[in-house]
Amino acid sequence: MIFKEEIKKLADLARIEIKEEEQEKLAGEMGDILNYVKIIQDFHSDENEEFTNPSLVVRGGQGGVINVLREDENPSESGLYTDDVLKEAPQKENGYIKVKKILG
Amino acid sequence: MDIKDLTIKKARELLDKKEISAKELTNSCLENIENKNKELNVFLEVYDDVLKSAEDAQKIIDAGNSKELTGIPIALKDNLLFKGKKVSSASKILENYRAIYTATSVQKLIDQSAVLLGRTNMDEFAMGSSTENSAFGVTKNPLDSSRVSGGSSGGSAASVAGNMALGAIGSDTGGSIREPASFCGLVGLKPTYGSVSRYGLMAMGSSLDIIGPITKTVTDTEIIFNAIKGKDKMDSTSIEIKKLKDLKIKKLKIGVPYHLIDQDGISDEIRKNLNDSIEKFKLLGFEIENIKLPNVDKSLAVYYIIMPAEVSSNLSRFDGIKYGLSVDGKNLLDVYKKSRGQGFGKEVRRRIILGTYVLSSGYYDSYYGKAMLARKIIRDEFDSAFKKVDAILTPTTPFPAWKIGEKKSPLENYLADIFTVSANIVGCPAISLPSGFSKIDGKDLPLGIQLMSPHMSENVLFEIGKYFLGENL
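Chains as they are written, first to last, in our numbering: chain B, 1 to 104; chain A, 1001 to 1473.
What the hints contain is simulated information worked out from the structure, not anything from laboratory work.
Predicted model, so just to flag it, every value in this text is computed and none were measured.
Check each hint, because a few of them may be wrong.
[Unchecked claim] Pairs of lysine to aspartate or glutamate residues, derived as EDC-like cross-links and limited to a Cα-Cα distance of at most 16 Å, are as follows:
| # | chain 1 | residue 1 | chain 2 | residue 2 |
| --- | --- | --- | --- | --- |
| 1 | A | 1322 | B | 12 |
| 2 | A | 1330 | B | 17 |
| 3 | A | 1083 | B | 84 |
Please build the complete structure, drawing on both the sequences and the hints.
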């Protein structure tokens, strides 16, 4: 069971505007989905089982998963990709992405 | 020319022998697109330089330098980046977005001078099993236009089934290559996690996503897989699959988890088709063993916790500021909320909210935490099963392609993934093979079976698949 008020709060957290009339419907659908997925609560597991990082799981039994690191060196020439990246920005000015005032 | 029965392998021979030209081949696809796309809604866009690509490919063929895919017309799912071309993930939020770089898998096709035809329809951000969640309308099944093509790579599957392409690339997070392949009577491969670089694939569930081919035959699937696989420095999760030693094919053992097939909600024709397929494997000399995967019936529940959790983080990048749709508001927060509220479709919003819920404090342990434990247990069950058998066989889907608009609730749609999600949860490769037809409402609807094998053993799937489809005669 999930309430409309909760949907409203989650939508706020997720930065999504959801209309009043849709909130009710979404609450119902979410309730159904959560009711279904709750079967994972009763899978046969050892209570003391430790949490495993997903990247270790999807590798199968091979193990050997390590952090992939590199030296922070040889930066690309400044401005090389600026035009490409800015091309898709909705609002820009003098090589910057423009946003609304943040501090009042 | 008629390309209905033309495979990539056969086309390669004809191209290299100069019996057909790359342009003729491409024109055949373009003609079929011209005639059928309006009705079926397969391609969201056909690139404007397709014939030029075919001409360029022809020069390479004429010089005797052709590679496996040179001059072969291939369709791309609309979530793969190709620099300078539009790419939208079938979403309003990216409707006019142009890629600023090229996906590694797409670059590898370009490197072979494949003819990239255009971008195919899909469920918005790959969230769905029918393309009914596309912001640009459903893709109808070329074999029965009253039905869906499957999804999320529904347009990719339909492009091959509708003879608009010889092969297509899709992505698979929980079955999005295999399910549409089975609904369209084709072969679809979800490769081992990491075997194909995800660089330039729009992220959905990063621990589940993989790119793979949809084609008419296993041989063609193998050709495309070999072209796009490989470690890539732009994707730190990518791995190299080494060539495995030749298999002693007749000794391979196939495990069948009969307890999963006895679950509710699986249609009679699917059960019958699986039993027929099992008999066929036996006749071909394969040994069949009844296996148990005790917790795998909970895979779908695990998937619908992990996937939305990853979706909610991955899709936070769409904010109306950096790129894509931007809707003006009274302040910055309002711009975010309006852009995301209006830019994302219903299913995408639903999954982001669901993901936000399972990750929020107070619910994290009982949902996400528990799902991660279950994920490991399911992985372990697969590992033990693969100690006994070389491959695991199930149906690809619990029912054949449904009628457009027939499935009403989100949960009904999610159940289509019941057999496919496990391979994404454990990261192993899986293939869907066409396994015959079932007469429903007077029409022959294709059905499919799924084979899964241990990590990095795609060759097991290819070998068994070729036997099953009679490709190695």
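> Taking only the CA atoms, is the gap from residue 1322 of chain A to residue 12 of chain B under or equal to 16 Å?
Replying inline: violated, 20 Å
> Hey, residue 1330 of chain A versus residue 17 of chain B, does the alpha-carbon distance stay inside 16 Å?
Replying inline: Holds, at roughly 13 Å.
> Regarding the pair residue 1083 of chain A and residue 84 of chain B, is the alpha-carbon distance no greater than 16 Å?
Replying inline: holds, 10 Å
Hint compliance for this structure: hint 1 is the single one not met.
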